[in-house]
Amino acid sequence: MKETFLPSQPGDDEKNRLARILNIILLFMSVGSITVALIGLLTGRSNLAIVMCISAVTAIVSLLLARRGMVQQAGFLVLILLVAILNMLLIIGTGIHDIAIMLVPVIILIAGLLLNRTGLILITGLTSLSLALIIWGEIDGILRTPYSAYTDWGDLVIVFIIIAVSTTTVRLLIEDLRASLRRAYSSEAKYKAVIENNPSIIYIQGLKEENPTFYISSQVNHLLGFSTQAFLDEPYLWVQLLHPDDKEKVLAENKRTNKSLEPFIMDYRMTAKNGQVVWVNDHAVVVRDSNGKPDFWLGIWTDITERKQMENALRLSEERYRLISEVSVDYTFSTEVDAQGEMRLTWVAGAFQSMTGYTFDEYVTAGGWRGRLHPDDRERDDGYLEILQKNQPVIGEVRTLKKDGELRWVRVYAHPVWERAGRRLAGIYGAVQDITERKQVEAEREKLIRELEAKNTELEQFTYTVSHDLKSPLVTVNGFLDFLKKDVGSGNIEKSNQDISRISDAVQKMEALLNELLELSRIGRMMNPSEDVSFGGIVLEARDQVRGRLEAKKVEVEIQEGLPSVRGDRVRLVEVVQNLLDNAAKFMGSQPKPKVKVGIRGTDDRGNPVFYVQDNGIGIDPRFHERIFGLFNKLNPNIEGTGIGLALVKRIVDVHGGRVWVESDGTNGSTFLFTLPPIPKS
Amino acid sequence: MMGEPVLVMLVEDNVDHAELVIRTLEDHHIANRIQHFSDGQAALDYLLRREQYTDPETSPRPHVILLDLRLPRVDGLEVLQAIKDNEELKSIPVVVLTTSEAERDVTRAYHNHVNSYLVKPVGFEEFSKLMNDLGFYWLGWNTHPRI
Chain S
250 MKETFLPSQP GDDEKNRLAR ILNIILLFMS VGSITVALIG LLTGRSNLAI VMCISAVTAI
310 VSLLLARRGM VQQAGFLVLI LLVAILNMLL IIGTGIHDIA IMLVPVIILI AGLLLNRTGL
370 ILITGLTSLS LALIIWGEID GILRTPYSAY TDWGDLVIVF IIIAVSTTTV RLLIEDLRAS
430 LRRAYSSEAK YKAVIENNPS IIYIQGLKEE NPTFYISSQV NHLLGFSTQA FLDEPYLWVQ
490 LLHPDDKEKV LAENKRTNKS LEPFIMDYRM TAKNGQVVWV NDHAVVVRDS NGKPDFWLGI
550 WTDITERKQM ENALRLSEER YRLISEVSVD YTFSTEVDAQ GEMRLTWVAG AFQSMTGYTF
610 DEYVTAGGWR GRLHPDDRER DDGYLEILQK NQPVIGEVRT LKKDGELRWV RVYAHPVWER
670 AGRRLAGIYG AVQDITERKQ VEAEREKLIR ELEAKNTELE QFTYTVSHDL KSPLVTVNGF
730 LDFLKKDVGS GNIEKSNQDI SRISDAVQKM EALLNELLEL SRIGRMMNPS EDVSFGGIVL
790 EARDQVRGRL EAKKVEVEIQ EGLPSVRGDR VRLVEVVQNL LDNAAKFMGS QPKPKVKVGI
850 RGTDDRGNPV FYVQDNGIGI DPRFHERIFG LFNKLNPNIE GTGIGLALVK RIVDVHGGRV
910 WVESDGTNGS TFLFTLPPIP KS
Chain G
8 MMGEPVLVML VEDNVDHAEL VIRTLEDHHI ANRIQHFSDG QAALDYLLRR EQYTDPETSP
68 RPHVILLDLR LPRVDGLEVL QAIKDNEELK SIPVVVLTTS EAERDVTRAY HNHVNSYLVK
128 PVGFEEFSKL MNDLGFYWLG WNTHPRI
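Chains as they are written, first to last, in my numbering: chain S, 250 to 931; chain G, 8 to 154.
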C-alpha cells in the first residue's frame with residue numbers, strides 16, 4: 250500500500266493517480282459488498298447475499314491486480330462487475346424502475362476516471378445494451394416486475410439520454426482534470442529542473458537551533474559526497490561537515506541570525522566525504538507563511554572553492570611582492586613627458602618608499618626626482634637627460650635627499666622611451682639603486698689610499714734623507730783619515746790633531762743622527778698608553794729638561810695659568826714642548842730680552858684646544874714654514890742639532906691626531922701652534 | 008784661456024766636505040780660486056749680485072759651479088733652477104756634487120739642465136780621484152763660454 254503513495258517517477262504519475270482512485274473505490278466496494286452481503290444473509294435475501302459475495306471477491310481480485318500495476322485491467326474488471334451488479338439489482342429488484350438505476354451515472358463516472366476513452370465507450374455501450382435488454386425483457390414479458398406494466402420503449406429513450414448526458418459530462422470533466430494535472434505537472438517539473446540543474450545547492454532548514462535540514466537539492470552529492478537522503482536522514486549532518494576551524498564562527502552566526510532572523514550570509518569551509526576541503530558561500534533568508542509567521546530558512550550554498558584558491562594565490566602573490574619590496578634595495582620607475590614638456594613620474598615598484606621615505610604622491614608633491622636631488626648634482630643630472638634625449642641609455646650616480654633629510658647616493662639606470670614620429674623623448678623607464686654604502690666604502694678606501702700614499706712619500710723622503718745625511722759623515726771620516734795619514738807622515742802634529750777632531754765630530758754626529766732616527770721611528774710604534782694629563786704639568790716638566798740651555802741663554806719662560814688637560818702619551822707630549830722650547834732658545838739671535846710664552850689660544854673648528862709656544866727670536870721666513878718640519882731640514886747649517894727636532898714634534902702631534910704649524914713674519918719671533926685632543930666628555 | 012784665472016764656485020753646507028773638496032783641488036793645483044758658499048741663498052745672492060755682492064769686480068762670475076743638493080734655506084735644485092732660468096747665468100756649467108744617489112734627484116737635476124751629476128764616493132781614494140778628474144775635465148779640457 251505504502252509503495253503506491255511513494256513519490257514516483259514523472260512517467261508513472263498518471264498511473265499512480267488512477268491507482269489511488271481505484272484503491273479508494275475498491276476499498277469501498279469490498280467493504281460495501283461484504284456489508285450488504287451480511288445484511289442480505291441476515292434478512293434472508295439469499296440472492297442479494299450471493300451477488301454481494303461475488304462483488305466482494307471481484308473487488309479484492311481487482312485490488313490485487315491494481316497492486317501488480319495492472320490498473321487498467323483492474324479498473325475494467327471492476328466496471329464490468331459494477332455493470333453486472335447493476336443488472337442483477339435491476340433484475341432482482343423492480344426492473345428499469347428500480348432505484349439501482351441511480352448506479353448508471355456512478356458507473357460512467359468511475360469509468361471516466363479509471364479508463365481511457367475506449368474503455369469508457371465499451372462500458373457505456375455495455376451498460377446501454379444491458380439496460381436495453383432489461384427494457385425489452387419487461388416489454389416482452391420475459392422479465393416480470395411489479396412495475397413492468399409501466400415500462401415501454403419510451404423508457405429506453407430516457408435511459409439513453411441519461412447515459413449520453415452522463416458520458417459527455419464525465420468526459421468533459423475528465424479531460425479538464427487531465428489538462429490541469431498536465432499543466433501542474435509540467436510547471437513542477439520546470440521548477441524541479443531549475444533547482445536540480447542549478448550549480449548552487451538549495452536547501453530548506455528549520456528555524457530551531459542548529460537548523461535541521463528539510464530539503465536539499467541533489468547537487469549536494471556532487472559537492473560533499475552525501476546524497477539528499479543522507480541529509481534528510483541525518484538533519485544535522487551539515488553541522489558535522491563544518492570545517493573544524495570554521496565551525497565555531499558559523500554556529501555563532503547561525504545562533505545570532507536564528508534569533509534576529511536577519512539573512513545569514515557567510516563564506517566558510519566544509520569537509521567533503523572524501524576529506525577534501527570545500528569553500529561555500531551560504532546565503533539564507535527566512536521564509537514566512539501567509540500570516541507573516543517565520544516558517545523556514547531557504548538557503549543557497551555556492552561552491553566558491555576555486556574563487557578562494559584564486560584569492561589565496563593572489564594574496565600570496567601580493568604578500569611575496571610586498572616581501573620582495575621590503576628586502577629589495579632598488580626600485581623601478583617609469584616617467585612620461587607630458588604636454589607641457591615636463592617629466593612626470595607615472596609608476597614605481599620595489600623599495601621606493603623605503604628608499605625615498607615618501608609615498609608616490611608625497612614624492613611628486615615634494616618635487617619628485619629633481620626636487621629631491623642634491624643641488625650640486627643637478628648639473629650632472631642635466632647631462633644624463635641630454636644623453637637620454639639622444640635616445641641613448643645612461644647610468645648615473647647622484648645624491649638624493651630622503652624625506653628625513655638623509656643624503657643617499659643612488660645609481661640610476663635609465664632607458665629612453667623614444668617617440669619615433671616626433672623624434673623626441675617620450676619618457677624614461679629605469680631602476681634606482683641605493684649605493685650609499687658602496688660610496689662610503691669607496692670614500693674610506695680613497696682615504697686609506699691617500700694616507701698610504703702620504704706614508705709612502707714620507708717613507709721615501711725618510712730613506713732619501715737618511716741615506717744622504719748618514720753618508721755625509723762617512724765621506725768626512727774617510728777624507729780626513731787620508732789627510733791624517735799625510736799629516737802624520739809629514740810630522741805635522743797640529744794638523745793631525747785637527748784631522749782627528751774632525752773625524753771624531755763626524756762620528757759623534759753620526760751617532761746622534763742614528764739615535765734620533767731610532768727615536769723618530771719609535772713614535773707611533775712604541776707609544777705609551779693614553780692618559781688624561783694636565784698640559785700645565787707637561788710644560789713644567791719640559792722646561793725642567795731644557796733648563797740648562799734656557800739658563801745659558803737667559804731665556805725667560807712664561808706659562809699661562811689654568812691650562813686644560815689633554816689626552817695622550819705624556820712622555821711624548823713632554824718631548825714636543827721640550828723641542829719647541831729648545832728651538833726657541835736656539836734661535837734667539839741677538840735678542841737682549843729673550844722670552845718664551847706657552848699658553849692656549851682657544852679651540853679649532855673641531856673643538857680641539859690650540860696650544861702655542863711663542864718666542865721673540867729671529868723668526869722664520871714664511872717661505873720656509875712648511876720645510877722646517879721636514880726631516881734634517883736645517884735652515885742654518887751652523888746651528889747645532891741634527892734637524893730632526895721639528896720632524897719629531899710633527900710626528901708626535903700627528904700621531905695624536907693633532908696639527909702643528911708656525912706663524913712668523915720672519916723678523917719678530919715665531920709662534921709654534923699645535924692642537925691636541927681634549928679629554929672626552931663622559 | 009790659460010792666461011785667465013779659473014774661478015770655481017763651491018756651494019756646500021757641510022764645512023767638512025767643503026774643506027775636503029778645497030784641499031783636494033788645491034793638492035791637484037787645478038783651481039786658481041775657489042769661492043765657498045754654505046747655503047743656496049748666499050750663492051744666489053752672489054751670482055745675482057745682490058746684497059754685499061753688487062760689485063762685478065769683486066764678485067766675478069765663476070767658470071764652473073759645484074753644487075750640493077741639500078742646502079739650508081734655498082735647496083740646491085732651486086739654486087740650479089734659478090741659474091738655468093737666468094739668461095746671463097744659464098751658460099755657466101753647473102756640476103752637482105752630492106751624496107744623494109736618489110733617482111728622483113738625478114732626474115730633477117737633469118730636468119733642470121744640469122751639466123753633470125756626480126755622486127760623492129764614500130772612500131777617500133775615489134773621492135780624490137773624482138776631484139782630480141773633475142778638475143781636469145771641467146777646468147782643463149772643457150772650453151768655457153764667454154761670460
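Don't take every hint at face value.
Footprint (simulated), chain S over chain G, 3 or more residues, beta carbon under 8 Å [what the hints assert, rightly or not]: (1) 17–24; (2) 49–62; (3) 123–134.
Hints are computed from structural coordinates only; laboratory data are not their basis.
The C-beta atom is built at its ideal place from N, Cα and C for all residues, glycine as well.
Hints and how they fare:
no.	hint	verdict
1	17–24	holds (count 5)
2	49–62	violated (count 0)
3	123–134	holds (count 7)
Figure legend: structure checked against the earlier numbered hints; the only hint not met is number 2.
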